[in-house]
Amino acid sequence: MTDLAALKDETLAAVSGAPDEAALEAVRVAALGKKGAISALLATLGKLSPDERKTRGAEINALKDSVVEALAGRRAVLKQAALAARLAREALDMTLPTPAPGVETGRIHPISQVTEEIVAIFADLGFSVAEGPDIESDDFNFTRLNFPPGHPAREMHDTFFLQPDATGERKLLRTHTSPVQVRTMLAQKPPIRVICPGRTYRTDFDQTHTPMFHQVEGLVIDQSATLANLKWVLEEFCKAFFEVPKVGMRFRPSFFPFTSPSMEVDIQCRRSAGEIRFGEGEDWLEILGCGMVHPNVLTNCGIDPELYQGFAWGMGIDRVAMLKYGMPDLRDLFDADLRWINHYGFKPLDMPTLAGGLSG
Amino acid sequence: MKFTLSWLEDHLDTQASLAEIVDALTRVGLEVEGVEDPGAIYAGFVVGAVIEAKPHPNADRLRVCVVDAGAGPVQVVCGAPNARAGMKSVFSPVGTYIPGKKITLAKGVIRGVESHGMLCSAAELELSNDHDGIMELPDDAPVGVPYARFAGLDDPVIDVALTPNRPDATGVAGIARDLAAAGLGTLRTPGPETFAGAFDCPTAVRLDFAPADAHLCPAFALRLVRGVANGPSPEWMQKRLRAIGLRPISALVDITNYVTFDRGRPLHVFDLAKIRGDLTVRRARAGESVLALDGKTYALDESTVIIADADGVESIAGVMGGEHSGCDESTRDVLIESALWDPTNIAQTGRKLGIVTDARYRFERGVDPDFCVPGLDLATGLVLSICGGEPSRMIVAGDPTAPRRTIDFPYSEVKRLIGVDIPRAEGEAILARLGFGVEDGRVRVPSWRPDVQVKADVVEQIIRIAGLDRAPPAPLPRLDEGVAAPVLTLLQKRTRLAKRTLASLSLREAVTWSFIAKRAAELFGGGQPALALANPIAADLSDMRPSLVPGLVAAAERNARRALTDVALFEVGQIFLGPGDTDQRTAAAAVRRGLAKAGGEGRQWRGGGAVDAFDAKADAMALLAALGVAGAVQVVPGGPAFLHPGRSATLQFGPKTVVGWFGELHPSVCEALDAEGPIVAFELVLDAVPAPKARPTKARPRLERSDFMAVERDLAFVVDESVRAGDLLKAAQAAERALVADVGVFDVYQGKGLPEGKKSIAIAVTLQPRERTLTDTEIEAAVARIVAEVSRRTGATLRA
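Note that the protein sequences, when read in sequence, are chains V and Y.
Throughout the first sequence, residue numbering follows full-length UniProt numbering, covering 1 to 360 in sequence.
Throughout the second sequence, residue numbering follows full-length UniProt numbering, covering 1 to 800 in sequence.
Please note that a few of the clues may not be correct.
Calculated lysine-lysine pairs in the DSSO-like style (CA-CA distance at most 27 angstroms, straight line) [stated by the list, open to error]:
| id | chain 1 | residue 1 | chain 2 | residue 2 |
| --- | --- | --- | --- | --- |
| 1 | V | 347 | V | 239 |
| 2 | Y | 617 | Y | 758 |
| 3 | Y | 493 | Y | 617 |
| 4 | Y | 698 | Y | 493 |
| 5 | Y | 759 | Y | 617 |
| 6 | Y | 493 | V | 189 |
| 7 | V | 189 | Y | 415 |
| 8 | Y | 296 | Y | 352 |
| 9 | Y | 239 | Y | 2 |
| 10 | V | 8 | V | 54 |
| 11 | V | 64 | V | 8 |
| 12 | Y | 656 | Y | 493 |
| 13 | V | 347 | Y | 493 |
| 14 | V | 347 | Y | 617 |
| 15 | Y | 493 | V | 239 |
| 16 | V | 324 | V | 347 |
| 17 | Y | 239 | Y | 102 |
| 18 | V | 324 | Y | 493 |
Note that these hints are calculated values from the structure, not bench results.
The whole structure should be built from the sequences, with the hints applied where relevant.
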């Protein structure tokens with residue numbers, strides 16, 4: 001019987017000594033292949049007596065089983081080692097940087113963002129968004145808005161003019177978005193609730209003025225809109241826009257040709273160390289002008305002031321954007337300095353919603 | 001409009017503090033821009049008596065003084081030659097800030113003697129340049145009293161920002177009236193004394209206007225005061241004028257300025273000796289000119305109203321007097337003018353001549369016609385009391401009495417506009433205090449309020465005086481119950497979507513000027529005269545932009561010059577094709593330069609590199625895809641002249657619907673724009689992009705997906721280098737329209753192994769069977785048809 005034991009020892013030693021899968025396969029063939037040692041032993045069984053065959057067969061099969069098991073075990077070990085070696089070879093330097101995706105690096109300009117915030121608030125109050133051309137007629141920019149020709153109130157607006165056309169008409173760049181209110185009233189019957197955001201122009205260029213700036217105006221015309229309603233709308237807007245639970249507002253009588261009574265509105269704030277907080281503090285900051293639509297304007301726009309009334313307001317988008325997000329210099333808004341845009345701009349997926357909070 | 005507190009108190013009997021007055025002014029619509037307390041800079045300086053002045057033991061020119069400034073004797077070393085015992089002067093104790101020296105006084109030891117303060121010269125208080133000696137105060141100056149109060153230098157100056165509708169508030173008296181109406185005191189403006197005059201005014205006045213021009217000078221009042229002495233005006237008047245920033249000149253001139261600010265009534269004075277003949281008020285004639293009081297000569301024309309004598313123009317009506325007939329110290333006989341002018345004409349004249357004066361400021365807002373004659377009497381009284389003399393009878397040419405406006409005013413109008421009721425008695429009392437007459441549902445507007453024209457203006461008077469806080473905020477009822485409906489138009493939605501889409505491609509949004517340099521506008525198809533500004537603010541901001549790209553290129557170059565060379569910028573905004581209402585478009589455009597690729601900026605260890613026209617194409621196509629129309633767009637090689645002719649294409653939906661372009665900017669355009677290239681860009685006109693097909697429901701179309709395996713085949717073609725990949729792809733698609741689900745280019749090669757002038761384009765074709773699995777034979781047949789069609793259309797051969 002020692003021949004079997006020796007074969008077993010020899011074969012198992014070869015199995016465990018096989019350095020790789022190819023060597024292991026060679027061992028398998030040498031033992032279990034057609035001409036393998038164990039196969040050869042099994043072939044001898046036919047010549048034995050039934051009794052001998054029984055004992056001898058069991059012994060050889062036991063040998064075969066142990067070799068098969070050893071082969072499987074060794075194969076698993078070798079496979080594992082090969083995989084480990086491959087993984088080691090495949091290792092990469094995971095500290096290498098990856099480029100930032102566009103949704104991370106792209107930027108929305110604060111003016112666009114703040115305009116969307118304003119639209120979100122007023123859309124919820126049932127206002128739609130009206131727009132009109134930047135190049136306007138004197139009639140829509142001034143006369144219909146109750147700025148009589150030659151009136152000193154026109155001097156309040158430093159106006160850009162275009163060259164006169166063949167008919168002598170001299171167009172201008174709108175000095176406010178109020179001509180959009182005129183267009184809306186001419187095109188639409190009351191009740192009217194619109195806001196008019198857009199670019200506006202005045203011939204002014206210094207620390208706090210740029211020749212182009214952005215305004216949003218609002219207009220409500222129906223049969224009952226009052227100054228008390230106007231105050232409510234503006235107060236609700238300021239709370240929602242500045243994202244504070246309450247806001248102090250001061251209404252001061254003022255003058256605009258297109259409203260009567262006219263008011264300017266200050267918002268309460270606290271300034272400290274370059275930071276500004278709303279809804280608290282001792283300072284007042286002017287943020288908008290407003291009033292009850294002047295009956296002459298209604299008449300000029302085809303609306304009977306005895307039947308209808310309403311209010312309007314106007315506000316600088318650039319200014320409220322600067323206030324809310326702490327941008328110190330107006331001129332930066334139009335300079336497209338990448339450092340500025342990267343810092344003050346908004347990411348493409350920062351979309352203002354009332355449900356999620358305007359600024360997230 | 002500036003005035004001092006004491007000046008206001010001439011007109012308003014009030015117990016209110018300065019703070020209360022300032023607060024009330026803003027509350028009633030006279031916004032206080034600033035309050036200047038001129039006494040503040042003299043804080044610490046007090047009246048002191050020099051008790052003793054002995055020679056300094058160690059210095060010949062110094063004296064050791066003992067000063068009593070109300071807090072016991074103090075030792076002071078003083079170098080002034082006039083310091084002597086018994087005098088009174090201005091003393092500043094240790095800790096006082098000395099404006100003339102810009103130091104805060106500390107205790108000193110001067111040549112071994114302690115000094116606890118300083119006796120001051122006028123220069124040290126910045127009162128004058130006199131630093132020769134310490135100030136000498138009268139013997140009765142009260143010791144210990146602040147010097148500013150003693151000298152009357154502490155009258156606060158209030159600066160009010162006037163809205164252009166309030167001519168009445170251009171005088172202190174009008175401001176007092178508002179404050180009295182608001183309950184801050186009682187109005188006590190004296191009515192002017194009247195002067196009959198004992199002799200006729202020797203100079204006659206003729207209003208020489210065509211009937212249609214009569215409004216240019218409704219009235220002109222004139223009087224002579226003879227035998228005046230025109231020295232300096234009294235100290236109290238000079239002090240007030242100086243406090244509000246006016247330079248005292250002479251009594252006669254100062255009186256006109258004083259009445260201008262006191263009552264909002266501008267006046268003019270002529271020296272009779274320099275007037276020849278009578279005065280004529282008329283339009284100027286072309287070619288006439290006048291040397292005005294500001295020393296400048298103004299050329300005049302018919303649009304300007306002037307006052308002339310026999311020698312020619314003596315004064316520009318309502319704006320500025322002439323130098324020739326002005327009053328000076330030699331004036332003995334003075335003609336005083338109080339006139340009414342047409343506000344619009346005065347405004348035009350002032351604008352045209354570029355003259356800003358206190359008279360123009362008032363006349364263009366509308367001066368109180370009823371005060372024309374009383375104003376002349378007021379000035380007469382001041383002249384008589386200050387300069388002496390004897391007044392003539394008054395000449396009044398024209399008619400200063402203007403009809404009073406009345407407005408139908410149902411009191412219910414207050415509640416209709418404000419939303420709350422102000423009790424009628426209160427509202428009417430406010431109107432009465434403001435000078436309005438109230439009777440039977442009508443109000444009579446006072447002569448000094450030309451701005452009050454309609455019912456709403458009357459409501460405004462009531463609410464501004466009663467207080468705007470009387471109307472608490474009241475919710476605006478919703479027009480529609482329930483959830484707010486969407487409000488944005490397709491273009492508004494697309495504008496937003498375009499911004500978010502482009503930003504997500506790593507582009508940064510810029511907002512650039514709507515106007516650009518003419519040269520830049522011309523390069524991009526604009527620059528026509530109809531879009532040029534008549535009054536640009538700068539030469540390079542002169543023309544309305546026909547494209548967003550020049551502004552973006554300029555912005556990219558600005559960044560590059562700050563060493564930020566990888567630039568990816570976009571803008572979505574207006575462009576102008578003409579001046580008409582419908583000539584404005586909303587465009588979306590982007591520029592990239594340097595290594596600013598969408599997939600990562602700058603040098604990347606995994607590759608990257610310089611941007612090229614395909615980056616611009618990718619941006620444009622991504623935007624079209626976001627807008628839902630990428631599938632239908634045609635990319636036609638070539639584009640506008642400002643693009644590289646071989647690296648540009650036009651984007652269109654059929655030849656008549658061109659929506660934009662992309663490509664590399666032409667090198668000569670970059671050069672003309674003073675920008676370093678290469679720069680790639682695209683621009684799409686959002687208004688021109690077709691709307692997506694309207695669908696009756698929100699449901700998506702049914703998903704069609706095949707149960708049969710798709711087959712992909714790679715085909716490499718050799719073509720002439722002029723053949724376009726787009727044509728090749730189109731041919732492959734067309735050959736098996738039903739079967740080809742997708743076709744893409746996966747390799748383009750030119751060079752070794754290919755004949756000169758040839759290139760290889762390798763495409764991957766995806767065949768998608770719909771009804772059953774394809775047999776090999778069917779697949780090969782389909783591929784053969786594709787190859788044949790591609791060859792037929794492009795001359796391609798299958799690469800071996």
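TODO: May I ask which of the numbered hints given earlier this structure violates, with the numbers listed in increasing order?
DONE: Structure breaks no hint.
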